[in-house]
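Whole structure, please, built from the sequences with the hints as guidance.
Chains A and B supply the protein sequences, listed in that same order. Take our numbering: the last position of the first sequence gets the number 416, and nothing is skipped along the way. Take our numbering: the last position of the second sequence gets the number 416, and nothing is skipped along the way.
To be clear, the hints were calculated from the coordinates, so they are not data collected in a lab. A portion of the hints provided could be inaccurate.
Pairs involving identical chains hold if they fit within one copy or between any two copies, as the list cannot separate such chains.
To be verified - Below, a list of computed lysine to aspartate or glutamate pairs in the EDC-like style, where the Cα atoms sit at most 20 Å apart:
no., residue 1, residue 2
1, K329, D94
2, K235, E107
3, K235, D214
4, K235, E95
5, K118, E96
6, K380, E256
7, K235, D94
8, K118, D390
9, K380, E355
10, K118, D397
11, K235, E103
12, K351, E327
13, K235, E259
Protein chains: 2
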Amino acid sequence: MTTDSTESRVLAAIDERRSRINDALDEELPLQHPERLYEASRYLLQAGGKRLRPTVTLVAGEALADVAPDSTDYRSFPTLNGAEVDLMRAAVALEVIQSFTLIHDDIMDDDDLRRGVPSVHNEYDTSTAILAGDTLYSSAFEIMADTGGEPANALAAMRLLSSTCTKICEGQALDIAFESRSDLLPDEYLEMVELKTAVLYGASAAVPAELLGADEAVVEAMYQYGIESGQAFQIQDDVLDLTVPSETLGKQRGSDLVEDKETLITLHARQQGVDVDGLIEAKSVDEVTEAEIDDAVAALEDAGSIDYAREKAEALAQQGKDRLDVLPDNEARDLLKAIADYLIDRGY
Amino acid sequence: MTTDSTESRVLAAIDERRSRINDALDEELPLQHPERLYEASRYLLQAGGKRLRPTVTLVAGEALADVAPDSTDYRSFPTLNGAEVDLMRAAVALEVIQSFTLIHDDIMDDDDLRRGVPSVHNEYDTSTAILAGDTLYSSAFEIMADTGGEPANALAAMRLLSSTCTKICEGQALDIAFESRSDLLPDEYLEMVELKTAVLYGASAAVPAELLGADEAVVEAMYQYGIESGQAFQIQDDVLDLTVPSETLGKQRGSDLVEDKETLITLHARQQGVDVDGLIEAKSVDEVTEAEIDDAVAALEDAGSIDYAREKAEALAQQGKDRLDVLPDNEARDLLKAIADYLIDRGY
Numbered sequence: 069m070t071t072d073s074t075e076s077r078v079l080a081a082i083d084e085r086r087s088r089i090n091d092a093l094d095e096e097l098p099l100q101h102p103e104r105l106y107e108a109s110r111y112l113l114q115a116g117g118k119r120l121r122p123t124v125t126l127v128a129g130e131a132l133a134d135v136a137p138d139s140t141d142y143r144s145f146p147t148l149n150g151a152e153v154d155l156m157r158a159a160v161a162l163e164v165i166q167s168f169t170l171i172h173d174d175i176m177d178d179d180d181l182r183r184g185v186p187s188v189h190n191e192y193d194t195s196t197a198i199l200a201g202d203t204l205y206s207s208a209f210e211i212m213a214d215t216g217g218e219p220a221n222a223l224a225a226m227r228l229l230s231s232t233c234t235k236i237c238e239g240q241a242l243d244i245a246f247e248s249r250s251d252l253l254p255d256e257y258l259e260m261v262e263l264k265t266a267v268l269y270g271a272s273a274a275v276p277a278e279l280l281g282a283d284e285a286v287v288e289a290m291y292q293y294g295i296e297s298g299q300a301f302q303i304q305d306d307v308l309d310l311t312v313p314s315e316t317l318g319k320q321r322g323s324d325l326v327e328d329k330e331t332l333i334t335l336h337a338r339q340q341g342v343d344v345d346g347l348i349e350a351k352s353v354d355e356v357t358e359a360e361i362d363d364a365v366a367a368l369e370d371a372g373s374i375d376y377a378r379e380k381a382e383a384l385a386q387q388g389k390d391r392l393d394v395l396p397d398n399e400a401r402d403l404l405k406a407i408a409d410y411l412i413d414r415g416y
Numbered sequence: 069m070t071t072d073s074t075e076s077r078v079l080a081a082i083d084e085r086r087s088r089i090n091d092a093l094d095e096e097l098p099l100q101h102p103e104r105l106y107e108a109s110r111y112l113l114q115a116g117g118k119r120l121r122p123t124v125t126l127v128a129g130e131a132l133a134d135v136a137p138d139s140t141d142y143r144s145f146p147t148l149n150g151a152e153v154d155l156m157r158a159a160v161a162l163e164v165i166q167s168f169t170l171i172h173d174d175i176m177d178d179d180d181l182r183r184g185v186p187s188v189h190n191e192y193d194t195s196t197a198i199l200a201g202d203t204l205y206s207s208a209f210e211i212m213a214d215t216g217g218e219p220a221n222a223l224a225a226m227r228l229l230s231s232t233c234t235k236i237c238e239g240q241a242l243d244i245a246f247e248s249r250s251d252l253l254p255d256e257y258l259e260m261v262e263l264k265t266a267v268l269y270g271a272s273a274a275v276p277a278e279l280l281g282a283d284e285a286v287v288e289a290m291y292q293y294g295i296e297s298g299q300a301f302q303i304q305d306d307v308l309d310l311t312v313p314s315e316t317l318g319k320q321r322g323s324d325l326v327e328d329k330e331t332l333i334t335l336h337a338r339q340q341g342v343d344v345d346g347l348i349e350a351k352s353v354d355e356v357t358e359a360e361i362d363d364a365v366a367a368l369e370d371a372g373s374i375d376y377a378r379e380k381a382e383a384l385a386q387q388g389k390d391r392l393d394v395l396p397d398n399e400a401r402d403l404l405k406a407i408a409d410y411l412i413d414r415g416y
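See the structure below:
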């Protein structure tokens, strides 16, 4: 279990790097001709975001290179064989990919808001949003292509980035397909979460290992750390949707249930014989009452489904942390472990 | 000027390679889980297409390696320093990128048909089409990442592919923006054509130069060959829209004029004082008459605008062909020159 100090430590680590990440985003993705396209491409990136994935990339680099957190110029970062790479470009590329996926997902899901502002297709139009996402997509590869260092390592990072993007598309396709499936299995849900959400954490942790020239076993361990932390994050997100008060969540508690979204919790409950479809009568978050949500959550608690999901998230986060034993024992490694804890125990 | 034998020679060269390109597309982009996503991703590729860009890649490789056309296994193709690369994967990657751009363009332009079949967003739905395009996008990078050979050369090819994709997005953004511009300049139009259409021909010719380890000057010459041939192709396409009978075109002759699409021809005519907006009264291709088109074409001919565009296309094709003088004098080089001729003198 994490403590308040773990959370504040992780948030401090993110804060310390955020302005440099933001500056680098601005440098690597300048507002250029044609202006409207780049304005739309930069719009969501400028609307905010924790920069969690690029932070993982930077801290993973520090853990691998065995340097103290925040001690080293990310633009000329030491590799394991004494060369230098621009680790910041890699971090930026991962955030740019994340932004691309959000823009296209918002079109597909017809979500009006993102990070408290209108989504890109809403602020501009669908064509511009498709094109802004496409521009970010190839820009991320352009940025990643020029980190310097050994070409073989850069090529490996490019290969990992491309396979990661393909998996994210597969995960989004499964997520859409699952909306019309009534016979979903927990393992199918976990596969979807791995592909849609977790692989980008995996890439965020494994790309620095590729660039720094780490052994294949270390690359794989870093990737699995990201995968398992990312899965834990998503499962815990489903738990928090039911257990955190609406005012803290910033949206209606239980909205997944109201909107018939399957999660590991509902899939477990179905297996326990709970009539999940009958838990909520209300057809929208506007008409649901807190009392109705309370009853539904109580039924899911009685079935052990919320504990099941919470324990699954904790087990995955622990697995992820254990992967890091391949790294030197240093402060940055501890910070990566704290990030895994933070992903499941964050205050919302 | 080309002759019938040039055209038939180019078509024969395309025919000779098409089934192998198609087999490789099927191998590198198999129908896999999740099936519906990959079915949608493969749908347009399976609907046909000349495979002109991958043919350019393969023939450019033959010209660079100085081997006889069609004499060498593309899967283990000789580089300039005696190693081997999988040139077919590079060719496939370029066709996959082309297919991605068509799928997303058809969504943006709301085009119902492509290659005689419903466009992907029409056959499936918009979300699936966005995702199918996104899947092809990263798949192309995955395919390009594993051509073998020198990592530095593969990385250079990846870098070229990514900057090419960014430029294609910029070109599409300009094309959309130009629809609401009444003060477009010919140079702006040429820039749009370069970005939207020509750079992918440039990459098709230059990627093999990168992979085979050619000098930077040769890479640049091949790229310019593709750019200039590709621009010539698009300008000639605008000419053919006015000069080829509707039954041969397979669509209404003069449709660009009816739909108020600016081309190099209309932009030249405007500069000559022609009232381009008044040339056609009809508001759609359904109501326009051949006589009205004839009169409009006559006015554009009188202004010298059609000859201007035709000569521009011919000059660009010639420039492109001249770039190939950096290559060894061989049969494949002649074929690349014939392809440039074919692009502007093809029967429709």
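Index of numbered hints that the structure contradicts, given in increasing order: When the structure is compared with the hints, numbers 1, 8, 9, 10 turn out to be violated.
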